[in-house]
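Student: One letter stands for each residue in the lines below.
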Amino acid sequence: MSSWLDYTINGLIVGNVYALVAVGLALIFGVSRLINFAQGSIYLVGAYIGWVAVVQLHTPLPLTIIVVAAAAAIVGLIIERFGLRPLQNSVRIAPLLATIGISFVLDQLVMLTFSPNPRALPSQLPDVRFQVGGGTIGPLDLLIAGVGLTSALLLFVFLRYSKLGWAVRAASQDRDAAMQMGVDVNRVNQAVFGIAAALGGVSGMLVGMYYNQIDTAMSLQATLKGVVAEVVGGAGNVPGAVIGSLLLGLVESYGVAVFGTSYRNLFAFLLLVVVLVLRPNGLFASARQAPPEPLTGTFIAPSRPVRIPWWALAVAAAGFAVLPLFPVSFYVLQTLINAWLLGMLALSLTLVAGTMGQVSLGHAALLAIGAYTSALLSLTLNVPVGLAVIGGGLMSAALGTLLISPSFRLRGHYVSIATLAIGEIVSLVILNWESVTRGPIGISGIPPLSVFGYDLISPTSIYWFSFAVMVVLALLQGRLLTSHLGRSFRAIRDDDIAARAYGLSLNRYKSLAFIFGGFAAGISGGIAAHLYSYINHETFNTQQSILALTVVILGGLGNVVGAMLGAVALVGLPEVFRIAAEYRILIYGIVLLLLVRFRPQGLLGTM
Amino acid sequence: MSNIDRRTLVKGSLAAMMAGAAVSRGAFADTSEPILLGVSGPLTGPNAQYGTQWKQGFDLALDEIMAAGGINGRKLAYQFEDSQSDPRQSVAIAQKFVSNPAIVLELGDFSSPASMAASPIYQRGGLVQFGFTNSHPDFTKGGDFMWSTSVSQADEQPLLAAYAVKRLGLKKLAVLHLNTDWGRTSRDYFVKAAKEYGAEIAVTEGYIAEERDFRSTLVRVRDANPDGLILISYYSDGALIARQARQVGLKQVMCAASSVYSPKFIELGGEAVEDVHVGTRYFPEDTRPEVQKFIAGFKKKYNGQEPDAFNAYAYDAMNMAAAVVKIGGTDRKAIRDAFTKVKDVPSVIFGTATFDIATRRVKGAMNAELVVRKGQFALWDGKPT
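Residue numbers (the numbering used here), protein chains in the order written: chain X, 1 to 607; chain F, 1 to 385.
If you're looking for bench data, these hints aren't it; they were derived computationally from the structure.
Note that the coordinates shown come from a computational prediction; the quantities given were computed from them, not determined experimentally.
Don't be surprised by glycine CBs; every beta carbon is placed ideally from N, CA and C.
Take these hints with a grain of salt, some might be off.
What the hints assert, rightly or not - What follows is a list of derived Cβ distance ranges for each label pair:
1) X:L402 with F:D344: 53 to 63 Å
2) F:D344 with X:G445: 26 to 36 Å
3) F:E271 with X:Q131: 36 to 46 Å
4) F:L379 with X:V277: 27 to 37 Å
Kindly produce the complete structure, drawing on both the sequences and the hints.
Tutor: Dropping the structure here:
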């Protein structure tokens with residue numbers, strides 16, 4: 001029985017660590033309704049500033065904390081002023097993409113300055129341990145708990161009793177009304193970003209000290225766990241974020257206790273999905289609280305799409321179709337094959353996210369389902385590859401829709417978070433379901449593509465095949481959008497209450513969109529599996545989901561041509577920037593930010 | 001020509017200019033162009049640290065190769081393309097290398113998904129993919145252009161098991177392993193060997209690479225009541241586990257795979273890694289000349305920094321590539337055939353390396369039984385800890 005006490009204590013200790021990130025995320029979400037993907041990067045920056053202070057400047061702990069908080073706050077203010085404020089009157093999804101771009105840039109800057117090698121960040125507290133249960137806790141555990149709880153408490157008091165706090169809450173409830181009442185909304189945003197960033201920076205430093213280790217890969221994980229904890233507690237609810245974090249820590253710890261270490265994150269994400277489905281506003285949302293998203297309209301604002309005449313599209317398609325007849329290198333063709341595969345994924349996502357308004361952050365899971373289905377069908381059941389790929393598409397459509405269906409009742413950001421979790425769950429199931437997926441060893445020796453008995457091995461034939469598949473899917477989707485189905489999808493996106501009043505069944509149309517989208521994504525994954533010949537649970541990861549969303553927003557939400565254009569751009573740019581070597585991802589991030597800044601509605605506009 | 005080391009290029013062109021003054025114009029044109037190797041590996045993204053370690057190992061080996069006169073007078077250089085360990089990018093890089101006639105041999109990638117996705121392209125393009133960290137048992141099955149000097153886990157894990165069970169006398173083991181293809185394969189070989197030597201496996205726990213908190217895992221380990229912990233980890237997660245094991249009060253003997261062998265393991269683990277046993281392929285006081293040359297050269301080139309396992313793999317790989325190119329010349333097929341002919345190449349990891357033509361891997365990794373004493377890796381003196 002004493003073990004259960006230990007599992008409980010360990011859960012609380014790690015929950016403590018999550019709380020530090022979650023509080024910052026909650027604060028920003030509370031005011032600007034934005035999941036700040038750059039929060040993990042600020043955490044990273046804080047950890048490295050802490051390293052400079054401790055190891056190079058030998059500052060004492062209180063001074064270290066002040067230095068880190070101040071420096072991180074400045075970073076936060078810069079992000080707010082130059083990254084997000086210019087976007088405040090544009091599409092509501094643009095800031096989300098901007099924070100992704102900012103996190104690229106910050107992570108790369110840290111990596112280039114400090115090298116990607118992990119570093120030790122020694123704790124400056126005395127090394128005494130207190131016996132609790134079977135294990136021990138140290139002063140750093142207490143400090144982290146202290147910082148987490150005090151900051152949550154201070155923020156709570158600040159929001160409830162100070163004048164600026166009232167302004168923050170007013171701005172979060174209704175920005176325009178707050179402005180009319182004379183609240184300087186920009187100042188409010190500045191205050192919030194400064195506080196959240198200071199907190200994020202200090203938490204990165206404390207966690208670095210806790211593990212005596214900092215490295216540049218820590219930012220994405222911190223963001224993921226922070227988002228989960230925050231949403232469990234109720235997005236935007238600061239004390240809720242702390243409790244959500246502790247709960248997350250406990251669930252993970254008990255999950256390890258009962259099922260073993262490799263199931264740990266599975267429980268974290270299952271918790272999230274269950275909470276979202278049962279209590280979409282989080283565990284601690286009060287009944288009186290205004291719903292987190294507006295009841296009418298969505299955060300996908302319509303814009304005037306760029307009209308491209310059909311003949312221009314036909315010329316472009318013909319140009320790409322005859323490209324292999326010219327002396328272009330296989331490298332260019334391979335890059336374009338990647339673009340066509342990403343294009344299929346983007347078509348799928350632009351349908352569900354753009355046309356339907358269900359912004360998915362777990363789309364790579366559909367790739368994975370398609371890829372594994374196709375690979376296993378062709379390897380173990382000897383199904384011909386062409387049919388296996390279609391099987392992958394069908395499985396992805398069916399399973400994907402089934403998995404996503406619990407989140408149909410969610411709106412806005414909550415859909416994104418739920419799909420993010422579902423994506424992680426799929427990846428973890430693949431890792432753990434060894435009898436079928438072969439677990440971490442992965443599937444090797446997947447046969448190459450073949451159609452009607454002809455093997456497609458040369459880059460040229462794969463190029464034509466993948467291009468043709470993408471064009472067919474795009475034409476089908478174009479046809480779909482002009483039918484009554486497309487109109488119904490858009491009606492639900494723009495105003496789901498009005499759509500329901502007209503008798504549209506939301507669940508049925510959402511299912512239809514995911515079935516079509518799942519099929520396209522599954523086909524893309526299936527082709528990729530046969531192209532790579534080897535896949536494992538890491539082949540289709542969270543980064544791919546984020547990339548797909550970036551493509552879709554860049555091309556213009558719901559825009560079929562935009563999805564393909566965005567895919568070519570985002571596959572092509574990192575290749576073009578290869579001459580910049582280590583700097584290429586940094587440049588890519590900056591270009592992305594500039595695009596969001598000047599074309600927030602996407603290159604070709606929302607449809 | 002993005003990533004050819006600038007210093008090597010400058011040095012090489014200086015050497016070429018001097019050579020040009022001495023020999024005729026025709027010969028000059030021939031020797032001024034370096035023989036180019038392609039490297040596909042992570043320089044950014046979550047595995048970026050390993051790419052930078054590769055570079056250090058490569059650059060040291062290239063310096064020595066140049067000092068010894070290059071490849072029959074010609075310079076050897078490499079073009080490093082960043083793949084972020086992402087299969088989408090590694091396949092594009094593969095086409096880039098295959099369609100560039102100047103590239104005679106490819107090294108990498110780092111992770112199995114990235115490497116093995118690119119294998120069909122290298123195989124069909126007839127360019128050798130020399131994966132020197134690819135321990136996945138199926139890597140060299142991709143075709144006769146896939147060769148690897150990665151220590152086979154079928155070789156390494158029985159050595160570690162012998163250290164833990166026979167030499168340290170551990171009878172009941174808890175195995176913690178990275179839940180990747182490498183960690184999983186290693187675990188299976190380790191468990192098999194340890195059982196053969198008469199030990200009992202109390203519990204095995206696989207964790208994902210991003211994991212940082214192991215306290216609950218360690219409670220499971222404690223409840224299984226083992227007398228030793230086996231870490232099949234890299235140095236950063238290995239150090240985390242060791243620290244947290246001591247924090248939750250586990251006092252058992254710990255024994256780790258060679259992949260933790262890095263000064264970073266001690267830096268990150270601090271006092272917690274004291275007395276951790278590590279089965280490695282070489283050690284600093286090793287009297288073998290290739291080891292002494294490697295360590296002395298590395299410290300001199302990188303301001304006293306101690307080399308680690310990944311530096312050594314990359315250093316060995318570059319030396320092997322040079323030996324192969326010396327035999328095979330610049331023809332890709334001849335280079336493939338040269339892998340079957342190359343014999344007894346001096347190697348930090350293997351002593352001397354010769355490929356087994358059937359498996360396209362090298363057998364017979366060296367073995368050193370180390371222990372961390374006073375913040376240093378030292379040869380284990382046989383005393384219990």
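Student: Going through the numbered hints above, which ones does this structure break? Give me the numbers in ascending order.
Tutor: Per hint list: 3, 4 violated.
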